[in-house]
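Asker: Produce the entire structure from the sequences given, and follow the hints as far as they go.
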Amino acid sequence: MNAGSVADRPRMSGNTRIQPRQPLNFSNYQLSTCPQLLAMNRQPYQTPPQSWPPLMTPWIVKLWRPLINRELRRGQKITHIEVQGIEHPQQALRDNCGVMVTPNHSFHYDSYVMIETAHRVGQPFHFLSAWQVFAMSKPFAQRVLQWHGCFSINREAADLKAFKQAVDILQTSPQPLVVFPEGDIYHSNDRVTPFRDGAAAIAMSAAKKSERKIVCQPCALKCFYEKDPSQELAEVMTRLEQRFNWRPRTSWPLDQRIFAYADGLLSLKEIEYIGRQQSGTIPERIQGLANHVLARLEQTYGVTNAGGIVPERVKEVRRAVIKQLETPDLAEEVRQPLVEAMDDLFFVVQLFSYPGNYLAEKPTLERTAETLDKFEEDVLEQDFPGIRGERHAIVRFGPPIEVPKQRDQRDAVARMTDQLEHAVQGLLDEINQERAAKFKV
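Here the sequence shown is numbered in full-length UniProt numbering, starting from 1 and rising by one per residue.
Careful: at least some of the hints might be erroneous.
In silico DSBU-like pairs for lysine-lysine, Cα to Cα no more than 35 Å straight-line [claimed, not checked]:
no. : residue 1 : residue 2
1   : Lys227    : Lys209
2   : Lys213    : Lys62
3   : Lys213    : Lys161
4   : Lys269    : Lys62
5   : Lys62     : Lys208
6   : Lys62     : Lys209
7   : Lys161    : Lys138
8   : Lys164    : Lys213
9   : Lys161    : Lys269
10  : Lys269    : Lys164
11  : Lys161    : Lys62
12  : Lys62     : Lys138
13  : Lys208    : Lys438
14  : Lys315    : Lys213
15  : Lys209    : Lys164
16  : Lys213    : Lys269
17  : Lys161    : Lys405
18  : Lys315    : Lys269
19  : Lys227    : Lys438
20  : Lys227    : Lys362
21  : Lys77     : Lys323
22  : Lys227    : Lys164
23  : Lys315    : Lys164
24  : Lys161    : Lys315
25  : Lys362    : Lys77
26  : Lys62     : Lys77
27  : Lys77     : Lys209
These aren't lab readings, by the way, just hints derived from the structure by calculation.
Fair warning: this is a prediction, and the values are worked out from it, not measured in the lab.
Answerer: As structure tokens, then:
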């Protein structure tokens with residue numbers, strides 16, 4: 001399980017929870033004793049205190065199935081899970097392939113949906129998980145995660161131990177491995193966020209010396225509301241406006257209220273970081289602000305901009321900041337700017353999570369809800385957005401993509417990453433098109 005339900009979404013305020021070379025204190029974090037993921041809320045960044053290997057125990061996974069599904073029904077109001085294209089992973093497993101499942105990271109508790117999907121496929125899934133998932137859990141919860149095949153990775157460094165573990169699972173295990181290539185939950189479920197290349201690198205390394213065929217299994221996840229939650233969404237919008245000391249604009253259409261609020265929020269952050277409001281469209285201003293903050297940090301900490309996507313650039317700067325933060329006996333006047341730099345990096349990823357034109361492009365009920373979900377987490381500082389009503393989850397598998405044993409070109413990993421990203425986006429588009437045709441949306 002790679003970064004997806006409780007702690008990796010950026011917030012507008014607050015200090016980074018990291019202390020140099022001191023014991024980690026996670027007393028403020030709570031995870032259920034079921035395996036779940038980190039979302040893009042705040043989380044500690046530093047050298048992990050340890051690593052956690054998988055302890056896959058299929059009979060325990062089966063034993064926990066009713067508890068997982070009860071949380072989905074009662075806590076998340078996901079009352080129905082529809083799995084489409086299940087024959088694809090089932091056939092790959094019958095053919096004794098090593099299977100990597102690459103879903104979009106779509107919503108909180110999507111890991112639970114994947115666990116239920118695994119039961120229907122016929123084999124439990126391993127999950128590659130950010131180390132913070134374990135560190136922020138109590139000992140029994142950590143063990144439950146391991147029993148469910150979860151193992152930790154330090155995403156801020158070259159974690160060779162986790163890499164080798166993932167390769168070994170693909171080469172030898174009867175169970176598939178789930179990797180979320182997006183890395184975080186961005187609450188823009190109709191639009192895949194650029195995949196990071198770690199999943200493709202693992203798959204290609206496994207295929208190079210594997211005695212069996214390795215395949216990547218594209219998978220799309222999508223949730224739909226069963227009933228119209230517009231009233232509940234309008235109430236959230238009112239709370240957000242009141243947080244600004246604005247008079248709630250209850251006579252306006254909800255999407256127009258959201259656009260006005262987003263413009264006001266962005267203007268405040270532009271004044272904070274640049275000293276003035278930028279010109280241009282909302283997407284242009286978001287990109288401009290993110291580049292302004294990130295370029296300043298890259299210059300300050302001597303990190304070269306290699307031209308990658310924003311999360312990869314952030315990771316490189318964060319790595320440099322963490323190295324300095326872990327210096328022994330760091331003076332407070334030296335530590336404080338480093339902590340502020342971590343907050344700024346957090347803000348950059350937060351900006352990246354807002355496409356800017358996502359709702360304007362197609363103001364559907366789900367896109368409206370997702371945008372307000374982000375505001376709830378970022379502005380109202382909730383660990384999870386509210387659940388507005390009953391939901392229907394769709395899991396769709398496409399044809400598996402065989403991983404070549406030899407890299408024919410230097411950019412083979414990048415090309416495989418693009419292929420996976422396009423395959424998952426295509427599956428999402430199919431889900432939306434079929435639902436639109438069914439309900440005349």
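Asker: With reference to the structure, classify each hint as holding or not holding.
Answerer: Right, here's what the structure says about each hint:
1. The suggested pairing of Lys227 with Lys209 is violated, with an alpha-carbon distance near 50 Å, which exceeds 35 Å.
2. Proposed proximity of Lys213 and Lys62 is supported: the alpha carbons are some 27 Å apart, at most 35 Å.
3. In summary, the hint linking Lys213 to Lys161 is supported, as the alpha carbons are separated by about 23 Å, within the 35 Å threshold.
4. In summary, the hint linking Lys269 to Lys62 is not supported, as the alpha carbons are separated by about 48 Å, beyond the 35 Å threshold.
5. Of the pairs offered as hints, the one joining Lys62 and Lys208 holds, with about 33 Å between alpha carbons and a cut-off of 35 Å not exceeded.
6. Proposed proximity of Lys62 and Lys209 is supported: the alpha carbons are some 32 Å apart, at most 35 Å.
7. In summary, the hint linking Lys161 to Lys138 is supported, as the alpha carbons are separated by about 23 Å, within the 35 Å threshold.
8. For the given pair, Lys164 sits about 17 Å from Lys213 by alpha-carbon distance, which is consistent with the 35 Å threshold.
9. Pair hint Lys161 plus Lys269 does not hold up; C-alpha atoms about 40 Å apart against a cutoff of 35 Å.
10. A distance of roughly 42 Å separates the Cα atoms of Lys269 and Lys164; the hinted pair therefore is violated under the 35 Å criterion.
11. Proximity of Lys161 to Lys62 is assessed by CA-CA distance (about 28 Å); at most 35 Å being required, the pair is judged to hold.
12. For the given pair, Lys62 sits about 22 Å from Lys138 by alpha-carbon distance, which is consistent with the 35 Å threshold.
13. A distance of roughly 44 Å separates the Cα atoms of Lys208 and Lys438; the hinted pair therefore is violated under the 35 Å criterion.
14. Distance restraint check for Lys315 and Lys213: the Cα-Cα separation of roughly 32 Å lies within the 35 Å cut-off, and the hinted pair is therefore satisfied.
15. Taking the CA atoms of Lys209 and Lys164, the gap is near 12 Å; set against the 35 Å cutoff, the hint holds.
16. With a CA separation close to 50 Å, the supplied pair Lys213 and Lys269 exceeds the 35 Å bound.
17. Proposed proximity of Lys161 and Lys405 is supported: the alpha carbons are some 22 Å apart, at most 35 Å.
18. With a CA separation close to 22 Å, the supplied pair Lys315 and Lys269 stays within the 35 Å bound.
19. Straight-line distance between C-alpha atoms of Lys227 and Lys438 comes to about 15 Å, which keeps the hinted pair within the 35 Å bound.
20. In summary, the hint linking Lys227 to Lys362 is supported, as the alpha carbons are separated by about 19 Å, within the 35 Å threshold.
21. Annotation: proposed proximity of Lys77 to Lys323 is violated, straight-line Cα distance about 42 Å (limit 35 Å).
22. Between Lys227 and Lys164, the direct Cα distance comes to roughly 45 Å. Violation of the 35 Å bound is thereby established for this hinted pair.
23. A distance of roughly 21 Å separates the Cα atoms of Lys315 and Lys164; the hinted pair therefore holds under the 35 Å criterion.
24. Note on Lys161 and Lys315: the hinted pairing holds, with a Cα-Cα distance of about 19 Å set against a maximum of 35 Å.
25. Taken as a hint, the Lys362 and Lys77 pair is honoured in the structure, with Cα atoms around 25 Å apart against an allowance of 35 Å.
26. Straight-line distance between C-alpha atoms of Lys62 and Lys77 comes to about 21 Å, which keeps the hinted pair within the 35 Å bound.
27. The suggested pairing of Lys77 with Lys209 is violated, with an alpha-carbon distance near 44 Å, which exceeds 35 Å.
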